[in-house]
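Undergrad: Sequence:
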Amino acid sequence: MDIVPPSSVSLMLQFTAPLHYLEFPEMNAMIMRRFSLPGDVDRARQYVLQSDGVQQTTYLAQRYCHEAVREISKLRPSPERDALIQLSEIVLTRDK
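The numbering of the sequence shown is the working numbering, which starts it at 2 and goes up by one.
None of these hints come from the bench; they were simulated from the model. Here the structure is a predicted model, which means the values were calculated and not measured. Warning: the hint list may mix true and false statements.
Stated by the list, open to error - Okay, the calculated beta carbon distance ranges per label pair:
#	residue 1	residue 2	range
1	Arg34	Gln56	25 to 31 Å
2	Pro39	Pro80	26 to 32 Å
3	Glu27	Arg77	36 to 42 Å
4	Ala30	Gln87	22 to 28 Å
5	Ala84	Arg64	18 to 24 Å
6	Leu85	Tyr60	19 to 25 Å
7	Tyr65	Asn29	40 to 46 Å
8	Gln57	Leu85	36 to 42 Å
9	Gly40	Ser79	47 to 53 Å
10	Asn29	Thr94	43 to 49 Å
11	Ser74	Pro26	25 to 31 Å
12	Leu85	Asp53	28 to 34 Å
13	Asp43	Gln63	28 to 34 Å
Glycine is no exception: its CB is placed at the ideal position from the N, C-alpha and C atoms.
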């Protein structure tokens, strides 16, 4: 029996799924059927644990955030600009 509600699975795989289904072709089928078959959630969790997709995704997020900060920093100093920079830092350090 799957113990993780579908919404949690969706959140867990939201950023890593594109990397995982390349490594595990059957992951794409599970994503397309929204993890509706028995065992899909557990199988997906195992794929996540077996791959380095989470690390790859973290690396990509860091690259995109650093690039965003570099571009945002070209804007004239303002509270809005500072808020955008702070937002990119929050994205990288949040737990959920």
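Undergrad: Looking at the structure, which of the earlier hints fail to hold?
TA: 2, 3, 4, 7, 8, 10, 11
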